[in-house]
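Use the sequences and the hints to build the structure in full.
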Amino acid sequence: MLAPVETRSVSPVFVGRADELDTLNDALARAAAGEPQALLIGGEAGVGKTRLVEEFATAAHRRDAVVALGGCVEIGADGLPFAPFSTALRALHRALPDELAAAAAGQEEELARLLPELGRSGTGRHDEEGMARLFELTARLLERVAADRTVVLALEDLHWADASTRHLLSYLLRTLRTGRLVVLATYRADDIHRRHPLRPLLAELDRLRTVRRLELARLTRDEVCRQIAGILAQEPDPDQVDDIFQRSDGNAFFVEELAVAAHEGCRTGLTDTLRDLLLVRVEALPEGAQKIARIVAEGGSTVESRLLDAVARLAEDELIEALRAAVNANLLLATPTGDGYRFRHSLVREAVSDDLLPGERSRLNRRYAEALQADPTLVPGEERVMRLASYWYHAHDPAKALPAVLDASVEARSRRAYSEQLRLLERAMELWETAPEDIRAALRPVDYTESFPPCGCDPATTPLRYLDLMAEAAVAGRYCGERERALKITKRALHLLDDDNDPLRSAWFWVQRSRLVRSLGRGSGREELAAAQDLVRGQPPSEVHAEVLMHIANWSMLHAPGPDAYADAERAVEYARLVAARETELNARQILGVLMVHAGHIEAGLAELYEVRERALAEGMTSVALNAYVNLPSELEAVGRSREAVPILEKGLAFAERHGLPDTEAWMASNLAESLFSLGRWEEADRACALAGRLGQGVAIRGTHAALCAELALARGDLAEAGRQLAAGQDFFAAHEHAPQHHFPLARLAIGLAAAEGRPLDARACLASVLDRDFPPGAQNYAWPLLLAAASAEGDARALPAAEPGRAELLDRIRAVAKQLATLAPVWQAHERWVRAELLRAEGRTDPDDWSEVVAAFERLDRPYDLACTRHRLAEALLSVGGDDERDRAAELLRLAHAVASHLGARPVTEAVTLLARRARLPLPITPGRPDPDADPLTALGLTSRERDVLRLVSAGRSNRQIAEELFISPKTASVHVSNILSKLDVTGRGEAAALAHRLDLFPPGAGEGVVAR
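Number 1000 marks the last residue of the sequence shown (this note's numbering); no jumps.
Each hint should be verified, as a subset may be incorrect.
[Stated by the list, open to error] Below 16 angstroms or equal to it, Euclidean Cα-Cα: the simulated EDC-like pairs (lysine to aspartate or glutamate) are: (1) K477 <-> E412; (2) K805 <-> D848; (3) K958 <-> E839; (4) K970 <-> D848.
[Claimed, not checked] DEER-style ranges, computed between Cβ atoms: (5) T363 <-> E605: 48 to 54 angstroms; (6) D303 <-> R478: 34 to 40 angstroms; (7) D229 <-> D361: 45 to 51 angstroms; (8) K477 <-> H179: 25 to 31 angstroms.
These are calculated hints, taken from the structure and not from any lab test.
C-beta atoms are modelled at their ideal positions from N, C-alpha and C, and glycine is treated no differently.
Have a look at this one:
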């Protein structure tokens, strides 16, 4: 019969940590109130991080919280991808199966990459947003599960975390906004050296105000005394406490070890180091138990019982006897599920592992690999491939390790763990030269790679090449954000290809290098694309050739739109069709559609974009459809069709949310905010803008979001906020390539802000820096508002003597640029007239007829803010002429402009209109209160007598021409009256106006007949 455990090394009394436990309990209370919490718990190894988490988990359970614990798993020197999240989600699945299933509904295939229990993971395409898609879905899953009950997600041993786990944790802590959720993670502070991969993450999270960081200090002498008393179940001798406190320096784990050693008769000064003390504990075990300890130490954080049996190669009774001795000595613990063993503390495992001889370590890894290869069921299915690769690699057997590592890289890719895929591919490249030739010859690209195009060879029969691994690694690096590593790989590959006559492979690597150079801010990527184009020139059509042309067309669309870009896009479409590269074809058609709109073929270009979106949705090409949901509404907005863009963007946002793409969703929200701003729906624009700010992670979208915030603030007259947001946008785009879509809006805002703050010379300097650059074809939707801001600033500064020098030359330059810009869309035509009128105003020549044309142009558009601004200018021009008719007309224009500006909250326009009306002694209506029920409803609606006559005829179904004939006015004047009526009634069309008149019983039957002309 085995002897029972005679001593306990863990104190039943929780000692110290009162402040830290209070902080955790406070976080739990805040989370229960609906405010997500995030905490990082650091401390040296053995200081008591796990014990603190256990005590907190117990307290959380008492408050009906669900605790999901996950630990970072170490296999040798390798961490399993997403291991702590997978373990924690599995615990949630056991505790809340129905709730988790409901939260994951519709996204099971993607989330199964983290939690296989949800079903078979999807085989969807891989791209740069694949990892972000998985992360966003995971965050939303946790938010939904924690919507109705408090959930604690605890991740331990973050210092062992794989890169994908670190990226997911970072994303989670940056994006959590709702849910009764506490996320806490522990790490060893003493392990975080300068080059430790966790160090940058900790620095990043420190900058987040939503993350609290706790550092556990060592125990005081009094706390050590209480801990020893709990271990020994009696008051310890004071001298012994002093001795243990001095030796342990307050480290809780070493206090335990030293207390047990003292109790068993060992002198605390017996060993030279505390590490040696841990080994003394092991060496005191029977030889069989020592052997088991060494085997478990090399197997990983946890070793399954059946795997241990296969590797130990002991008789069943011997194995049980050895395990019982190790467990009774409190060296090993059975796992909570009872199907494996782990060391009580990782410090002991590390000490035992470090004490292994090199040959002994290799031999144990080989035995693990052989056992697992013989029986794959010895470990959980999602861990088998990764662990087998690690065991073979550390067994130093290249022949077995190379295929196993490549298998593991495929597994990592399937889980969207691109960081681990990159690490494994780099390991495969390291093994390549040492692996036997026959092993390499048996490998096939079709089994391990998918990024590199076939380039004329059959991937199922052609042997795998080193370049195939480099191509896969370069793409994995781009996907996971390791762009510097990916760039180095592409450079090495191109160097190797210098001696090969393989233009297609070389061109493919040049395209990758272009994308990496651009994303790293090292250039625009044009030189690299030119090198790729030179290589494929004269080659027969191929996937690579079509891809090169598509990327060149895309670059040109952003930087140098024009005939060459148009031709490249057409050729890309043609080549993609010839080689049946459907995704490349649709992407190229999308570029072509945008270029068609820019070239003035508006309806044809929009039709192409609509077609691409429908085809992508029908064929399940998610990434193409998402791009179409961004580009199509953007082009609709560019040509003034904001009302058409809004429902498309709303559908796109729902589509992006289902597919978990936060940056793409942020672009859609940004575009939606822009269109809502144009339509005068500013409160809704605020909400869309806030959504873009919450979701956007990339530099470009964050810069665009800042520009939108600046635009809204400037229009409302909040100049301080506009300045802050403008500076943020300029910082985001500082290192970005100079594309009109980024820099023209920022320049326009800078000019507008300088003008509003009374700095006309600064506004002029900002414009001059832009005018020195080219205005490429297709930039008119950004260029017209820019020129308008500059011309308006000059008009506002006309009376300032300091701004007089150089004005004429600048106005001439603005006119010269304006002549180059297209005016094929109604909104561009309206802006052209507005710019022309502002230039004349800047020269002191204000003609009501000019401004009437501007107002008439904007009355045909859904742009109430612009209409209010131009009505103010027209009123100003009319008052400068004088005359009763002009004053009456100006009064009406100012009333309309004031109503719109007040409704929008456009304070600068409201104040300008009010000031002009006051100077002209024209009354402006006070914001109406509750109307008098006995008052004339037509008077309450603010309609003039002429507008009453027009509304009667509109209600009778008359057209503008018929109204003009009956009232003896021109059709154009009738149109203006109808527009004013629609604005006053706050309706969008004649039909709604007629319906409102009938509903309010404004006119008796037949009232449309016999109206007297005035």
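Structure-based check of each hint:
{"no.": "1", "hint": "K477 <-> E412", "verdict": "holds (15 angstroms)"}
{"no.": "2", "hint": "K805 <-> D848", "verdict": "violated (25 angstroms)"}
{"no.": "3", "hint": "K958 <-> E839", "verdict": "holds (11 angstroms)"}
{"no.": "4", "hint": "K970 <-> D848", "verdict": "holds (15 angstroms)"}
{"no.": "5", "hint": "T363 <-> E605: 48 to 54 angstroms", "verdict": "violated (39 angstroms)"}
{"no.": "6", "hint": "D303 <-> R478: 34 to 40 angstroms", "verdict": "violated (56 angstroms)"}
{"no.": "7", "hint": "D229 <-> D361: 45 to 51 angstroms", "verdict": "holds (50 angstroms)"}
{"no.": "8", "hint": "K477 <-> H179: 25 to 31 angstroms", "verdict": "holds (29 angstroms)"}
Hint compliance for this structure: hints 2, 5 and 6 are broken, all remaining hints hold.
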